[in-house]
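Top line first, the protein sequences correspond to chains A and B.
Just so we're aligned, residue 15 is where the first sequence starts under this note's numbering, counting upward by one.
Just so we're aligned, residue 38 is where the second sequence starts under this note's numbering, counting upward by one.
I should point out that these hints are in silico values taken from the structure, not numbers from a laboratory.
Check each hint, because a few of them may be wrong.
[Said to hold, decoys possible] Negatives, chain A to chain B, calculated, CB over 10 Å: (1) N54; (2) P139; (3) D160; (4) A173; (5) T176; (6) Q212; (7) G217; (8) T229.
[What the hints assert, rightly or not] Derived DEER-like restraints, expressed as beta-carbon distance ranges: (9) A:D204 with B:L565: 45 to 53 Å; (10) B:R509 with A:P85: 15 to 23 Å; (11) B:P194 with A:E218: 51 to 59 Å; (12) B:V98 with A:T97: 33 to 41 Å.
Please read these numbers as outputs of a predicted model, since none were measured by experiment.
All C-beta atoms in this analysis are idealised placements derived from N, C-alpha and C, irrespective of residue type, glycine included.
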Amino acid sequence: MRSVRRASVVTALLALFALATGPSVVAASSVTEQLISRLNRQLLYMAVPIAVLVEVILLYTVWRFHDNDEPSPTRENRQLEITWTIATALVLLFVGTASFHVLAHPMVTSTPETAHGDYQPGEAPDDAVEVQVTTEQWAYTFDYPDANVTTSEELVIPANRTVYLYVTSEDVIHSVHVPELGLKQDAFPDQYQLIRTQTTGTGEYRMYCAELCGTGHAEMLSTVRVVEQQEYEAWLEQGGSNATANGTASGDTAPSGSNSTDGTPTGDSNATNATATAEPTAGGDA
Amino acid sequence: MFETIPGIAISAAVLLLLVAFFRLRGDAPAESVSDGGYVPARAGLTTHGKPTGLTRWLTTVDHKDIGLLYILFGTGAALWGATDAMMIRTELIVPETAIWGLETYNAVFTTHGFTMLFFFVTPVFTGIANYVLPMLLGADDLAFPRVNAIAFWLLPPSLLLVRGGLITEVAGKVLAVLPVPVGALLALEPVGVGWTMYTPLSTATANQQIDVALLGLHLSGIATTMAALNFIVTIFTERADDIGWNKLDIFSWNILVMSGLVIFAFPLLGSALVLLLLDRNFGTTFFAVEGGGPILWQHLFWFFGHPEVYILVLPAFGLTSFMLPKLVGRRLFGFRFIVYSTIAIGVLSFGVWAHHMFTTGMDPRMRASFMAISLAIAIPSAIKEFNWIATMWNGRLRLTAPLLCILGIMSTFVIGGITGVFLAAVPVDFVLHDTHYVVGHFHLIVVGVIPLSMVAASYYWFPIITGRMFNRRLAKAQALLLAVGTVFTFVPLLILGYLGMPRRYGVYPAEFTTLNQAASLGAFVLALSVVLWLVNMVQSARVGPVVEDADVWNLKETGQFTREWQWFEEQLEDRQAELSRGTDGSATSD
Ligand code: HEM
Ligand SMILES: [Cu+2]
Ligand SMILES: [Cu+2]
């Protein structure tokens, strides 16, 4: 009987260890994700030993005192109680301060940069990429106001850049959730919320809707593609996704492409366009 | 259509069970010696001077009877909610929608949440408290026996209103064969907006059943509040002279604090529900974008919702703290600290609601302060765990079924509690919120602590209620399966959450398949354990060995033979006296 119990607890602990290694396997993809998973690891370094310790003490108590013939009456021990209260408080104080430091980081918590305390698209600094993400039942629209590009296929952003996503909804509450980039923000109708992050490497990540929004909620998926700067520009030049933006946006692309604030000469990037776009197109369709 | 069958089947089975139980209980006259020479083992059910049969159960104002009604009702609801749970886990065995469509999936987890929270947990705890609290306090009954009965009888109609969509659909389809207009019935579809009912989704969805369900929830809230008031007044005014506040037992303390939370939380839910009804039907704009805004609903809902989770769990803590010392032959270690920590939890629980809203884009300074209080509330919870371990230290642990349940509680609570700390850490919550991690975290408690404490109580007090003993070996196996099954079902969900799988998803990307299958396997272990418990309860109540000695748990040797057992002992003595009078005379002829 007891061996079954022990086996179950051991399994639980193994699972906790699996948790400890799970998230760290994913390579860092944004500053936000790095910060959060480092915090998460710190918490796990404390939590797993504490959990193991308590479970072991529990098991040891059961093993040692089962069918014990000389039980002794309970004696109050004020000191012991105060000790473990303070110890718990200290651990939680550490959790609080560590979390607070991460929370205070601008890539984790976005605060409105305007006096009126609201987020407004168009207020992103000049060197940042700005995208408006509009959610509705059950699709996303990605707007690149600087490039005058609109697409609903995928969110494409450049690597190693600061990105401002202004999130809003057309109907009910949705939530933009990109776990591998450490991003989540609920989208409310008639209101903009800000996700601020800084991408590091390139890669393709899944975007989920994380707030129940009706029948299609579980199918409200999209893709975030973080690409090299040049490829990004080429993609914008193309008018975003080949499927949606061809007709309307392509005319505007050339002039607005040069509006792009990163300062890369447009002529240069045009040269690489042909090769740069060929690849992602194939990848995007797959 | 497909989805309607299991729910209906379950409720029919439960009803049958209820009827069978009542017949069994009500019919046999109290004095007859049936059962091959045993006296009827009915110590817990005094039938003197009461109507018999169904009338008795419909008209009773006796706290023990109402307690049993509550427990039976709650168990029926639990089975119905568990059927939903099995439907969820069955759908999630494969990534695609294999069995139920997405709409049905949404409806199933919504009714699962409603049923488990409002119609399983609180009614069962109210039932247990109904049964034992007056005995522990040395009172004859609760302060307001009739209020007690009304509070109970409001629940069955509430449940039907809340879960109506399924029932009306079936009724509509059956009636459609006949030439009667059934359009109204078919218009009611099961509610699929989640138990949190976030606006604008819940205001924008046309389904009239939402209105019916809101009324049902409101009604159940009234019932819960009435029961809570009754407990508070009883604990304040009906205590025996020798029970001062310092002598009040720990279970009653927990029920007291829980009732206090109910009184502040449920009326608020009721009001919010009315506002939502007005928004849906009368064009008000309390939660509309152009009015109070969707975020207002979330604040009101969680100001109720967070205390609600402590309303659910405090009685479980109370039962654990109450039974554990008796089962290990020691006094509760740090009784005073546990009482203080219970009160502290009660107070703090009203200051943490916004930790359910960290991703709504609320003011960052608010996030930090809600994080601080959420971490603070972890301290009294941790203290309880340490106190329990200290209570066992140096004790005499007999590994009986109820003790195994409590050991299960103590080991799952460690994981369930610590995973909660991660969610309180705001940046970590950003990635874990609304993923299966959350589902895993709270189920480690709502399955690994709450039902386990009820099961422990069902074994511990089984002799008092039925006069018989349950099957101990089956009970031990069942307790182990429940504890182990919980870990196997819900720890995979923690990992799924870390990998990013959102909750409330009826379909999911293929890479999550294996972990989901592991969780579903665990759920079937849980289901098996529930069946074993049911079998043990029903069979033992019918034919289990009759209890002769009231000191079932060797409580006398450590001086913990508490009032409810003393009452039981008197009952047994009375029965003995009656029996010997019977054999002297001729009353045993039939
Ligand atoms: C038989 C064991 C149980 C299993 C296997 C189970 C399984 C699940 C699963 C998988 C979900 C997530 C559905 C989703 O997000 O897609 C869920 C949701 C939920 N469960 Fe359970 N559950 C069980 C028992 C309970 C109990 C005892 C309670 C309460 C006391 C409970 C309360 C809830 C609540 C409140 C939700 C959230 C519903 C919502 O999202 O609106 N469950 N359950
Ligand atoms: Cu959505
Ligand atoms: Cu959604």
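Going down the list of hints, with the structure as the test:
1. N54: violated, 5 Å
2. P139: The claim stands: P139 of chain A keeps its Cβ more than 10 Å from every Cβ of chain B (closest is about 19 Å).
3. D160: Since the minimum Cβ distance to chain B is about 23 Å, D160 of chain A lies beyond 10 Å and the statement holds.
4. A173: holds, 21 Å
5. T176: holds, 18 Å
6. Q212: At about 15 Å from chain B, Q212 of chain A clears the 10 Å cut-off, so the statement holds.
7. G217: holds, 14 Å
8. T229: violated, 5 Å
9. A:D204 with B:L565: 45 to 53 Å: Because 50 Å falls inside the window, the suggested range holds.
10. B:R509 with A:P85: 15 to 23 Å: holds, 21 Å
11. B:P194 with A:E218: 51 to 59 Å: holds, 53 Å
12. B:V98 with A:T97: 33 to 41 Å: violated, 50 Å
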